[in-house]
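Number of protein chains: 2
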Amino acid sequence: MPPEELPSRKGLLSGLRVVEISSYVATPLCGLTLAQLGADVVRVEPAGGAADRTRWPLADSGTSLYWSGLNKGKRAVAVDMGSAADRGRVVDLITRGGPCVVVSNSDRYPELGYEALSALRPDVIHVLLQGRADGGAGVDYTVQAATGFPLVTGAPGAAAPVNHVLPAWDIAAGLYLAVGLLAAERERLVSGRGREIRVALEDVALATAGNLGYLAEAQVTDHERTKSGNDVFGTYGRDFETADGVRMMVVILTERHWTKLLTATGLTAAFEGLAEALDIGFAGESQRYEHRELISTLLARWFAGTRFAEAAEALDRQRILWERYRSFEELGRDGGAALRKSDLFDEVDQPGVGPHLAPKSPIVVDGGRLAPRPAPAVGEHNTQLLDRE
Amino acid sequence: MPPEELPSRKGLLSGLRVVEISSYVATPLCGLTLAQLGADVVRVEPAGGAADRTRWPLADSGTSLYWSGLNKGKRAVAVDMGSAADRGRVVDLITRGGPCVVVSNSDRYPELGYEALSALRPDVIHVLLQGRADGGAGVDYTVQAATGFPLVTGAPGAAAPVNHVLPAWDIAAGLYLAVGLLAAERERLVSGRGREIRVALEDVALATAGNLGYLAEAQVTDHERTKSGNDVFGTYGRDFETADGVRMMVVILTERHWTKLLTATGLTAAFEGLAEALDIGFAGESQRYEHRELISTLLARWFAGTRFAEAAEALDRQRILWERYRSFEELGRDGGAALRKSDLFDEVDQPGVGPHLAPKSPIVVDGGRLAPRPAPAVGEHNTQLLDRE
Numbered sequence: 001m002p003p004e005e006l007p008s009r010k011g012l013l014s015g016l017r018v019v020e021i022s023s024y025v026a027t028p029l030c031g032l033t034l035a036q037l038g039a040d041v042v043r044v045e046p047a048g049g050a051a052d053r054t055r056w057p058l059a060d061s062g063t064s065l066y067w068s069g070l071n072k073g074k075r076a077v078a079v080d081m082g083s084a085a086d087r088g089r090v091v092d093l094i095t096r097g098g099p100c101v102v103v104s105n106s107d108r109y110p111e112l113g114y115e116a117l118s119a120l121r122p123d124v125i126h127v128l129l130q131g132r133a134d135g136g137a138g139v140d141y142t143v144q145a146a147t148g149f150p151l152v153t154g155a156p157g158a159a160a161p162v163n164h165v166l167p168a169w170d171i172a173a174g175l176y177l178a179v180g181l182l183a184a185e186r187e188r189l190v191s192g193r194g195r196e197i198r199v200a201l202e203d204v205a206l207a208t209a210g211n212l213g214y215l216a217e218a219q220v221t222d223h224e225r226t227k228s229g230n231d232v233f234g235t236y237g238r239d240f241e242t243a244d245g246v247r248m249m250v251v252i253l254t255e256r257h258w259t260k261l262l263t264a265t266g267l268t269a270a271f272e273g274l275a276e277a278l279d280i281g282f283a284g285e286s287q288r289y290e291h292r293e294l295i296s297t298l299l300a301r302w303f304a305g306t307r308f309a310e311a312a313e314a315l316d317r318q319r320i321l322w323e324r325y326r327s328f329e330e331l332g333r334d335g336g337a338a339l340r341k342s343d344l345f346d347e348v349d350q351p352g353v354g355p356h357l358a359p360k361s362p363i364v365v366d367g368g369r370l371a372p373r374p375a376p377a378v379g380e381h382n383t384q385l386l387d388r389e
Numbered sequence: 001m002p003p004e005e006l007p008s009r010k011g012l013l014s015g016l017r018v019v020e021i022s023s024y025v026a027t028p029l030c031g032l033t034l035a036q037l038g039a040d041v042v043r044v045e046p047a048g049g050a051a052d053r054t055r056w057p058l059a060d061s062g063t064s065l066y067w068s069g070l071n072k073g074k075r076a077v078a079v080d081m082g083s084a085a086d087r088g089r090v091v092d093l094i095t096r097g098g099p100c101v102v103v104s105n106s107d108r109y110p111e112l113g114y115e116a117l118s119a120l121r122p123d124v125i126h127v128l129l130q131g132r133a134d135g136g137a138g139v140d141y142t143v144q145a146a147t148g149f150p151l152v153t154g155a156p157g158a159a160a161p162v163n164h165v166l167p168a169w170d171i172a173a174g175l176y177l178a179v180g181l182l183a184a185e186r187e188r189l190v191s192g193r194g195r196e197i198r199v200a201l202e203d204v205a206l207a208t209a210g211n212l213g214y215l216a217e218a219q220v221t222d223h224e225r226t227k228s229g230n231d232v233f234g235t236y237g238r239d240f241e242t243a244d245g246v247r248m249m250v251v252i253l254t255e256r257h258w259t260k261l262l263t264a265t266g267l268t269a270a271f272e273g274l275a276e277a278l279d280i281g282f283a284g285e286s287q288r289y290e291h292r293e294l295i296s297t298l299l300a301r302w303f304a305g306t307r308f309a310e311a312a313e314a315l316d317r318q319r320i321l322w323e324r325y326r327s328f329e330e331l332g333r334d335g336g337a338a339l340r341k342s343d344l345f346d347e348v349d350q351p352g353v354g355p356h357l358a359p360k361s362p363i364v365v366d367g368g369r370l371a372p373r374p375a376p377a378v379g380e381h382n383t384q385l386l387d388r389e
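Note that the protein sequences, when read in sequence, are chains R and W.
Residue numbers for the first sequence follow full-length UniProt numbering, so the first one is 1 and each next one is one higher.
Residue numbers for the second sequence follow full-length UniProt numbering, so the first one is 1 and each next one is one higher.
A hint or two may mislead.
Since the list gives no way to pick out one identical chain from another, each pair is judged satisfied if it fits inside one copy or across any two copies.
What the hints assert, rightly or not - Dumping the calculated EDC-like pairs for lysine to aspartate or glutamate here, alpha-carbon to alpha-carbon at most 16 angstroms:
id: 1; residue 1: K227; residue 2: E329
id: 2; residue 1: K10; residue 2: D387
id: 3; residue 1: K341; residue 2: D134
id: 4; residue 1: K260; residue 2: E313
id: 5; residue 1: K10; residue 2: D366
id: 6; residue 1: K10; residue 2: E347
id: 7; residue 1: K341; residue 2: D231
Keep in mind that the hints were calculated from the coordinates and are not lab data.
Required output: the full structure, derived from the provided sequences and hints.
Below, the structure is given as structure tokens:
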């Protein structure tokens with residue numbers, strides 16, 4: 001049960017019951033996102049814990065930091081998923097009590113599917129993550145490969161694909177599941193009936209490539225996207241290294257940014273001279289994108305001759321969009337000193353891990369967010385939730 | 001207005017009014033996601049259109065494929081945002097009629113902020129995208145740099161950061177906004193009162209790094225993450241090139257996958273011999289991750305000697321998780337033939353672009369999804385929505 005809080009701090013989803021039959025990233029993230037807004041989320045695992053209970057990274061004790069991170073603030077039950085009687089206990093958990101939402105990444109057991117559950121409780125909402133919409137298998141890494149991004153990531157000219165390390169499609173799919181679930185919950189509050197929601201990882205990736213214009217470009221133009229390193233496509237942005245070896249990302253989105261960047265770097269006259277001599281212009285993002293090599297050559301020269309502290313001050317004075325590259329190691333250093341500055345983090349004492357800073361929800365409601373809570377042990381809430389009848 | 005559809009096909013968010021004062025990716029994606037589920041979304045732009053109206057990629061006509069992709073199925077009004085009278089018309093649009101949700105990425109105009117709007121309509125829900133939670137500026141590229149992922153992406157040993165091309169934080173932030181909005185909408189249906197929701201891009205990135213265990217690892221262990229190319233962290237997965245030059249991603253998550261992969265590649269005896277000779281094991285994902293160089297060397301040899309069709313058949317026969325790398329160009333080729341196979345896409349005739357395949361929502365509701373609709377022209381719905389009083 002959530003700790004006693006001010007009424008406005010109980011969470012917007014207070015009273016929402018969620019049973020999560022899941023593993024890895026997308027479905028657990030859906031449950032986590034709901035739990036962070038106050039929902040009561042119960043994760044169902046096979047006896048002994050699911051395969052992702054030991055997923056890296058691990059604490060020195062062997063406790064999975066990954067599992068702990070994605071299952072904060074949930075309750076957990078463990079059952080023998082191979083036993084019809086045990087699956088029946090999960091069905092009971094879903095169908096007794098108030099209306100319930102099921103989040104799952106498996107259609108292996110018919111009695112835990114939408115059809116069977118909605119026959120017992122027409123108000124059940126069931127959200128299912130799939131690899132592919134046709135029922136085929138797929139994980140973030142295979143969906144990445146299928147969708148074009150690895151072939152346009154990394155240094156120009158290199159043929160090999162560069163996968164992104166962030167499991168971006170898992171993250172997006174988990175959030176789409178939560179959106180679908182809450183949209184169905186809205187309608188359920190009015191109509192009293194539940195819905196079946198499905199989201200396929202591959203659809204998430206292809207829909208995103210479509211929403212961002214990549215797939216339209218490939219259909220209606222003969223432009224071919226190629227790798228362009230850290231150059232931002234269609235406007236001006238790139239990373240630079242300062243005289244003292246600090247890496248910075250700089251982004252120019254507006255005319256004001258551009259003019260101010262030239263002021264900051266003392267390059268106004270140089271670019272005016274270039275524009276005149278070469279009969280080209282730098283006004284407008286298309287022109288800056290077209291002449292990005294020229295721009296980068298002059299800027300890289302300035303950064304290479306300027307120490308970080310000086311570059312940062314010059315850019316800040318002109319309110320340019322920039323950021324220093326930080327490593328995970330730096331973010332965690334000194335007990336997470338850098339993280340402690342933000343209201344996003346609070347200390348959690350996770351068994352097997354110890355006290356550390358863990359994130360709350362990135363969603364701020366009326367200026368506040370619920371404190372993070374530890375992830376549960378395997379079967380920690382069996383007695384509370386399964387064995388009481 | 002959405003076309004006449006079967007009752008179950010009107011969309012779960014039918015009746016939800018959304019006014020979107022936004023630009024670029026995150027907030028438009030929030031509105032798009034709601035529109036794809038049946039909400040009535042009106043995008044407000046400055047006279048002549050916002051800066052992102054010309055964002056690349058472009059069709060040959062100059063129409064932005066990016067803008068068209070992110071604003072499908074919305075209505076659009078254009079006003080002089082510098083004029084108090086025109087901003088008043090936007091306030092009217094929000095506060096007259098049924099309850100309304102505002103999606104915004106700007107806190108520039110106080111009368112369009114939560115405080116002022118909720119004084120007029122206590123049931124207004126207002127969701128605001130920020131760069132940083134402290135009000136500071138930030139875009140996907142700067143937030144990427146701040147959060148560790150570019151320094152662990154790409155080939156081992158290279159010092160330079162590799163940004164991911166997918167604006168993953170924009171995508172996640174847009175979906176978190178939609179989750180927060182729908183959670184507030186759920187509570188509004190019960191309590192009748194609105195809420196102020198805020199999501200900062202930087203918080204989304206840091207929360208995700210925390211949820212996946214990266215930040216806990218940096219705080220409580222002395223492991224330092226480094227670049228590892230396309231190797232999947234903590235388990236076995238990598239890309240390979242076949243004899244005929246096709247790139248494939250292969251992922252081994254379970255013991256069954258591993259055993260079957262050895263069967264598929266005829267390497268069972270080779271790995272048994274290696275295990276015995278070197279006194280090591282390959283059972284369990286931690287061991288396979290530890291010995292990944294060894295595994296990759298033997299597998300790469302097999303792929304390099306095997307043509308794609310043969311490799312694909314061998315892997316499929318053993319139900320291994322794999323995927324061929326595809327380019328955007330390939331996905332769009334022949335009028336999007338590859339996309340046409342999926343129910344996710346349907347034809348849209350976008351002015352300035354022409355007929356092409358555009359995605360529906362990746363969220364499938366009771367087996368169906370709404371057809372995609374074109375994006376609006378600048379001010380297309382001014383008469384309909386602003387000028388009628």
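*Are the CA atoms of K227 and E329 at most 16 angstroms apart within a copy, between copies, both, or neither?*
Between copies only: 13 angstroms across chains, 28 angstroms inside a chain, cut-off 16 angstroms.
*Using 16 angstroms as the alpha carbon limit, work out where K10 and D366 are close: within a copy, between copies, both or neither.*
Classified as within; 12 angstroms inside a copy, 32 angstroms across copies.
*Quick one: K260 to E313, C-alpha cut-off 16 angstroms, is that within a copy, between copies, both, or neither?*
Answer is within; shortest intra-copy Cα gap is 13 angstroms, inter-copy 57 angstroms.
*asked:* One pair to classify: K341 and D231, alpha carbons no more than 16 angstroms apart. Within, between, both, or neither?
replied: Cα proximity of K341 and D231: none, with 31 angstroms in one copy and 33 angstroms across.
*asked:* Cα distance capped at 16 angstroms. Does K341 pair with D134 within a copy, between copies, both, or neither?
replied: between (46 angstroms within a copy, 11 angstroms between copies)
*Checking K10 and E347: alpha-carbon separation at most 16 angstroms within a copy, between copies, both or neither?*
neither (19 angstroms within a copy, 45 angstroms between copies)
*Go through the copies and call it for K10 and D387: within, between, both or neither, with a Cα cutoff of 16 angstroms.*
neither (28 angstroms within a copy, 42 angstroms between copies)
The structure fails to meet hints 2, 6, 7 from the earlier list, while all remaining hints are met.
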